[in-house]
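Colleague: Now for the letters of each chain:
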Amino acid sequence: MLRLSSLLIGCLLLALTAHGDDRVNWEITPRITAPGQPFRLQIQVDSDVPLGGAQNVGRDIRPPRGMALRLSGQILRPDSTEATLNFSGVAPEQEGEYVIPSFNLRFPRKMISVPEIKLIVSKTVAFIRTNQARAELSIPDRTFYVGELIRGSINMRGGEQESVVASFGLESVAEGFTFGVTSDRQPLPAEMGQGLQTSFELTPIREGLNEVTINGIMLIQSGSTSVFNNAGRDRPFTFRRRIAVEHVPKKGRPADWSGAIGKFTAEPQQASNEKPEVGEPIRLRAVLTGSGNLDRIVPPEIMSSEVWDVLPATERRRHAEEQRFFVYTLVPRLPGKQKTPEIRFSSFDPETKQFSRLVFASAEVTVTGNAPAKVDLVTRDPAAPIGSDAGLKLSGLAKPDPASGSLFSRHSMIEPLAASKLFWSSNGLALLLIVAATGVILIASYLASHPQIMIHWRAKRGLQRAIRQVTRARGNSPAFAKIATGGLKLGCAAILGAETEAMTQSDILRVLPEAKRETLDALFNAADGNKFGFGTTIRTANQEETLILLHLVRDLL
Amino acid sequence: MKAFPLYILMIVATLGAAEPDAPSAGEKAYAKGDFAGAVESWQEEARHHGINPGLLAALGNAEWKLGRKGRAMVCWERSLLLDPHNAVALAGIRHGQNAGGVERPGATWTETYASVAGADLWLLVATLSFWAALGAVLLPRIRRQPAGEWNQRLRVTALTLLALCIPGLWGARSLAHRAVIRKTEISLRLTPTQLGEATQAVNEGDVVRTGRPFNGHIRVTTSDGKTGWLRAGEIEPVWGGGLPADLDQKAAP
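Protein chains in written order, with this note's numbering: chain Z, 518 to 1074; chain B, -16 to 236.
A few of these clues could be false.
Said to hold, decoys possible - Between beta-carbon pairs, the in silico distance windows are:
| hint | chain 1 | residue 1 | chain 2 | residue 2 | range |
| --- | --- | --- | --- | --- | --- |
| 1 | Z | L950 | B | Q135 | 17 to 27 Å |
| 2 | B | L111 | Z | G1014 | 50 to 60 Å |
| 3 | Z | E763 | B | N81 | 40 to 50 Å |
| 4 | Z | L950 | B | L147 | 19 to 29 Å |
Said to hold, decoys possible - Simulated coverage check for chain B against chain Z, where a stretch passes if three residues somewhere in it have a Cβ under 8 Å from a Cβ of chain Z:
| hint | region |
| --- | --- |
| 5 | 64 to 72 |
| 6 | 164 to 177 |
| 7 | 215 to 224 |
In case anyone wonders, no lab produced these hints; they're calculated from the structure. These numbers come from a predicted model, not from an experiment. Glycine included, every Cβ here is placed at the ideal spot set by N, Cα and C.
Looking at chain Z on its own, in the form it has when it is part of the complex:
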């Protein structure tokens, strides 16, 4: 009751706010439906101008998923400012609250907006489905294949209180399929009770998960009439089905498969004349029987041979119920008992998901007459000398020899050695190693032939070390003198090409003529005087000068 009252209040408010001068009221009967239960929707419009007939109502209305809704009709009164539109529908199969979005009613002089309409579907509502007429979609439940012919039907079954008398308006919205009705409004099989059946064919044209929507209307007749039933009314139905579509598998697909999907049988070939003369055309008929996409099969081709000339078929598209005829024109070339060429055909069975091969068995024909003069069909080089080996074929395929070269040249892939990364990396690495080794040898040889380079380098490093130590040992006069003399001796020995230990003050003066003799004497005395018992200390001024000398020698190296 609470839901019902809130619905009524909402409906009233919406109607009041829809338009200043237009009033729109709607009513669903029954207000709450059971899943799959038929219902009626009535929309009443009151306007300030004469309305007339609404146009294209079905185009604007968008019922929610699973709900069927069709305009049944409009009550028209001349020059009336009121309009009443009746819709019939069938509730979705799932419980819940469904909303028909707001839509516009287009009248000749005015467009009026209809607010959202809500329908509640609940299982608590008592509804006996078998009492009502209902539509059922019959279609195989499996994965389909592109190009396959899917046969389905819509069974419109009468109920205990209703019977189906007619149907119309069957349409399909399916982007990934082609849809065609094969038989319309046929009586249902006896075991299914009263009703009508409409058969259709679907053919998937692209792979993926595609949705098929089929809409239609059935006319029902009821024995009793009351306010709440739909006696003598139309009832729409909508089916939406998601269908998985795949391409026919590549694995195991025969090379001559030409799109046949289904179960087929090949009947033996039939020749129009069993005793033709040489050169007399005969017609060869091959009949393919079975269920499947017969219309979409590309006729198998027969190649001409030494015995038969095969002309293109002239009646390829002639077909009957569940049968397809392939008609070829054959011209015999040689006399005698001959067999017509075998016709091979591959098909895919969607049930077993297997390919199968059919052969239209040859027909035996007795060809009379004489053979024409033998003509060598292989063209030879006219310039080649007679009897020579140079009679090369200019055209025609050579006899295949699949075993040739099989002993030493088996490949899984034909890739050039030049594409092998291993080849280039191994060769590049070897070349790099050789270049590196050559470089090392060259450098080592150069250094060996120029030893002063290494001597100077070592002396420079020694001097740098000495400068660092001397800077730290300024407060310690003996250590300072010892390190400084060592550094000066090392640097000057490298410059003079002499032994380090043999260096004296005079040798250092040869390298550094600007140095003061007294400073050097003081330095050497401080460094080595203790050995001779007259050790002295070195003054700060001399220390500074010594440092300058050390830097000077380092720079000379």
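Take the given structure of chain Z and dock chain B to it, following the hints.
Modeller: Showing chain B alone in chain Z's frame:
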């Protein structure tokens, strides 16, 4: 001891009288005109035992008989890459050009030169020549000995071979940059774009020279020198595969 020569004679006679290898299932099917069966049989053989020039050429014949020019040309061209003198593949390509209307770029002199041997052989000979020449130069220096007479001969031979290999390598490189058109009713495009203007029609089975790829397209040059762009999926390179690629996912007829 007297029986020994007789025994040898019997073995030789047995070997001489041995029957040639029985034809395979593919050969039988081909002979019967069941070309689809032959293709299946040979493809199965190729998948299990690898491919060789003869098998590819035979497969090309069967594919041609089934009317699949593109696949046939791929088979024959690949067969020639492995064995440039394969008679079946040569005849097939000639037949395709004469009777099938297939266009194929004429061979340049380097390509003709390269087709004397396979591309791999050229590269192997060039590599061996290079290393031999390098070794002949380095070895005496490492041993600190003057190069001997044999060393000089080796240097000259290796460098000559290397020089002879260069046009062969260039020709092999040029042969490798070719592809077969696998789709029917397509045209060269002026630009490598989805809506590129069609400039010239090309046919399935035609062989084209390939250039740089761009935007999912490849620049190609046809046998008559016209250049344009084709989608990568419309052609199949001659190098770089075994059996022809299954490009033509069959749509419903």
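Colleague: Determine for every hint whether it applies to the structure shown.
Modeller: Hint by hint, here is what the structure shows:
Here the CB-CB span from Z:L950 to B:Q135 is close to 26 Å, well matched to the stated 17 to 27 Å. The beta-carbon spacing between B:L111 and Z:G1014, approximately 51 Å, falls within the hinted interval of 50 to 60 Å. Our hint of 40 to 50 Å for Z:E763 and B:N81 holds, since their Cβ atoms are close to 41 Å apart. Taken as a hint, the range 19 to 29 Å holds for the pair Z:L950 and B:L147, whose Cβ atoms sit roughly 27 Å apart.
Counting residues of the region 64 to 72 of chain B whose C-beta lies closer than 8 Å to any C-beta of chain Z gives 6; at least three are required, and the coverage claim holds. Coverage of the region 164 to 177 of chain B by chain Z is violated [criterion: at least 3 residues with CB-CB distance below 8 Å; count 0]. Under the rule that three or more residues need a Cβ within less than 8 Å of chain Z, the assignment of the region 215 to 224 of chain B holds, with 3 such residues.
Checked against the numbered hints above, the structure breaks only hint 6 and satisfies the rest.
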